[in-house]
Amino acid sequence: MKLTKSSLRYSLLIALALIYISPIIFMLVTSFKTQSGATSYPPTWIPDPFTTQAYETILNPANDTPVFRWFLNSMFAATMHALLVVAIASLAAYPLARLKFKGKKLIQGLVVITLLVPPVILIIPSFNIVNDLGWLNNLIAIIVPTAAGAFGVFLMRQFFLSIPLELEEAARIDGANRWQIFTKIVLPLSKPGMATLGLLAFLSNWNDFLWPLFVLFDNSLKTLPAGLANLQGSNAVRYDLLMAGAVVASVPVLILFFFLQRFVVEGVARSGVKG
Amino acid sequence: MIETATQSSLARKKKKPDIVPWIFLAPYLALFSVFIAYPIGLGAWISLHAWDFTLPRRPFVGLGNYEKLFTPGSTTFEPFWQSMVNTGIFTIASTPLLLAIPLLVAMVMNQNFKGRNLFRAIYFAPYVLGVAVITILWRYLLDNNFGLMNYLLDLVGLPSDTAWLTSLPAVWVSLVGVTVWWTLGFNSVIYLAALQDIPKELYEAATVDGANGMQKFRHVTMPGLKPIFAYITLLTLIASANMFGQSYLMTQGGPGTATRTAIYQITETGLRNFKMGDASAMSFVLTFFLLLLSTVVFFGLREKKDAKS
Chain C
1 MKLTKSSLRY SLLIALALIY ISPIIFMLVT SFKTQSGATS YPPTWIPDPF TTQAYETILN
61 PANDTPVFRW FLNSMFAATM HALLVVAIAS LAAYPLARLK FKGKKLIQGL VVITLLVPPV
121 ILIIPSFNIV NDLGWLNNLI AIIVPTAAGA FGVFLMRQFF LSIPLELEEA ARIDGANRWQ
181 IFTKIVLPLS KPGMATLGLL AFLSNWNDFL WPLFVLFDNS LKTLPAGLAN LQGSNAVRYD
241 LLMAGAVVAS VPVLILFFFL QRFVVEGVAR SGVKG
Chain A
276 MIETATQSSL ARKKKKPDIV PWIFLAPYLA LFSVFIAYPI GLGAWISLHA WDFTLPRRPF
336 VGLGNYEKLF TPGSTTFEPF WQSMVNTGIF TIASTPLLLA IPLLVAMVMN QNFKGRNLFR
396 AIYFAPYVLG VAVITILWRY LLDNNFGLMN YLLDLVGLPS DTAWLTSLPA VWVSLVGVTV
456 WWTLGFNSVI YLAALQDIPK ELYEAATVDG ANGMQKFRHV TMPGLKPIFA YITLLTLIAS
516 ANMFGQSYLM TQGGPGTATR TAIYQITETG LRNFKMGDAS AMSFVLTFFL LLLSTVVFFG
576 LREKKDAKS
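Protein chains in written order, with the working numbering: chain C, 1 to 275; chain A, 276 to 584.
Don't read these hints as lab results, they were simulated from the structure.
All values derive from a computational prediction rather than experimental measurement.
Among the clues, some could well be false.
Said to hold, decoys possible - EDC-like mimics (lysine to aspartate or glutamate), calculated; alpha carbons at most 20 angstroms apart, straight line: (1) C:Lys-184 <-> C:Glu-166; (2) A:Lys-389 <-> A:Asp-418; (3) A:Lys-343 <-> A:Glu-543; (4) C:Lys-191 <-> C:Asp-218; (5) A:Lys-343 <-> A:Glu-353; (6) C:Lys-102 <-> A:Glu-543; (7) C:Lys-104 <-> A:Glu-543; (8) C:Lys-191 <-> C:Glu-266; (9) C:Lys-100 <-> A:Asp-293; (10) A:Lys-501 <-> A:Asp-472; (11) C:Lys-100 <-> C:Asp-48; (12) C:Lys-105 <-> A:Asp-293.
So that you can see chain C by itself, here it is in the shape it has in the complex (with noise of 0.2 angstroms):
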């Protein structure tokens, strides 16, 4: 009887869980649909006749949808992003955490104050810096404005104060400056600090959609989401092309994703309960 009611329950929830991501399911099947198998009524799950006709035509480089060129811009971009707020991250978390200076409780506050600027505020005018700077249509456009987060600073911080102050102390009796008992016992200590904040960084800028739209305008300098957006938005719309290009934008950070899944989760958290 116990038994019945628990394995219903257990039922129940994979049939939630299906449901839930079978619009996933479905995008992932139409990508192997034909142009004309994408749009017919009604729809079906098995794609008849089954082609790669789709992501064929949209990674061949003689086609006005170099997805694989975005695709390349975009792996570029995040990468460099997530290493950057990564360095300066802990770079300024360091400082916060472990040494005394006058002026500290002034940048602390910098740090707060920074978690309560909305960032439409900062659109338009960052859209002149970066126009001033030369950086309009430049992959650095969307690599370094947003680089220097609040949450990293946090994040950086908090690891940084979980790591016993007697290791210090003994590097610093043994002679070691500041530089190397950053670099040569707090960071590879706080491995999992930064790949927390590297694989946030990295998603937040592969996904990210409204700045890369506006200050990227050459077709072969778009990044995934703004070059897709631009797909959908041409005369006759294909959604064999469109859905295939959804799973090749999708397929690595479900990837990233699947496998450190930990690391995902657990900074989502943290900017929950620390916050």
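Following the hints, complete the assembly by docking chain A onto the known chain C.
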């Protein structure tokens, strides 16, 4: 503590300011200055000018752009306030759902069963995909000629001719529904972390006292979630009030401009038509509302907590 003492005694001996912390802080401060502090000032400055990005002359107009925003019949009054109302509709419709459903999901996930991490991953997965992918996907599913949604509705005998992307009020159902589906996992994960922080002993004690499930929820779970609840509410409200991609990609702000949100209007004014003075003034008014909202929520939810405890 020991560290603090040696630091200050060292500083006293040297008698000169320690530059080491500032070397560490320099990259952060540089980016902060150029891309956070300076833009806020520049934005305020731009909002005081008739700042057309494409023209060399950008005359000073004082508070003119703000006056226009508050003068019925001006070029910016109607579009801006309609977009603010649209933003309000979306926020009011989506926030309660994004507070309640993820709590249910988190409570299920908080139980011990096999494959829990896989379930958690499934509910979080859409959030990992980003707004461009999920809106393109849903535009396809919600198409009223060949979309899966109307087909499924037809199968179960419900009206199957709804134009989910082009008719009112169906567009709001689509925008809110897709947003809930997309971001539900994010809030769930935050709830789940808070649920796991509630000591098990409290539940055990409640069981000993003969409390049923509902009573445990009211007297153990709810108080335990209180600190996180204010935070999730604020986060969700702000995210909803900043909605852009869903509307831009799924409905193009339509029908007409019925689902054009405030940020959509600001980018349209400032980055498409390059009327940056108007757009900056709009973003300051929106910011004012966001800060007001945050303050009200923050103190509202805190007060309740004080009153009860």
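Quiz item: Regarding the pair Lys-184 of chain C and Glu-166 of chain C, is the alpha-carbon distance no greater than 20 angstroms?
Solution: With Cα atoms ~14 angstroms apart, Lys-184 of chain C and Glu-166 of chain C stay inside 20 angstroms; holds.
Quiz item: Quick one, are Lys-100 of chain C and Asp-48 of chain C close enough, alpha carbons at most 20 angstroms?
Solution: 68 angstroms, violated
Self-check item: Straight-line alpha-carbon gap Lys-191 of chain C to Glu-266 of chain C, limit 20 angstroms
Solution: Given pair Lys-191 of chain C, Glu-266 of chain C holds - Cα atoms ~14 angstroms apart, limit 20 angstroms.
Quiz item: Do the alpha carbons of Lys-191 of chain C and Asp-218 of chain C lie within 20 angstroms of each other, as the hint requires?
Solution: 37 angstroms, violated
Quiz item: Does the structure keep Lys-343 of chain A and Glu-353 of chain A at a Cα separation of 20 angstroms or less?
Solution: 10 angstroms, holds
Quiz item: For the pair supplied as a hint, Lys-105 of chain C and Asp-293 of chain A, is the alpha-carbon distance within the 20 angstroms limit?
Solution: Answer holds: Lys-105 of chain C to Asp-293 of chain A is near 16 angstroms, not above 20 angstroms.
Self-check item: Pair hint outcome, Lys-104 of chain C versus Glu-543 of chain A [Cα-Cα no greater than 20 angstroms]
Solution: Status violated; Cα separation ~40 angstroms.
Exercise. Take a quick look at whether Lys-389 of chain A and Asp-418 of chain A sit within 20 angstroms of each other, Cα to Cα.
Key: Judged against 20 angstroms, a Cα distance of about 37 angstroms means the pair is violated.
Exercise. For the pair supplied as a hint, Lys-501 of chain A and Asp-472 of chain A, confirm whether the alpha-carbon distance does not exceed 20 angstroms.
Key: 12 angstroms, holds
Quiz item: Are the Cα atoms of Lys-343 of chain A and Glu-543 of chain A separated by 20 angstroms or less?
Solution: Distance ~17 angstroms between Lys-343 of chain A and Glu-543 of chain A Cα, so the pair holds.
Exercise. Compare the distance between the alpha carbons of Lys-100 of chain C and Asp-293 of chain A with 20 angstroms, and conclude whether the hinted pair is satisfied.
Key: 9 angstroms, holds
Quiz item: Do the alpha carbons of Lys-102 of chain C and Glu-543 of chain A lie within 20 angstroms of each other, as the hint requires?
Solution: Violated - the C-alpha atoms of Glu-543 of chain A and Lys-102 of chain C are around 45 angstroms apart, more than 20 angstroms.
Hints 2, 4, 6, 7 and 11 from the earlier list are contradicted by this structure; the remaining hints agree with it.
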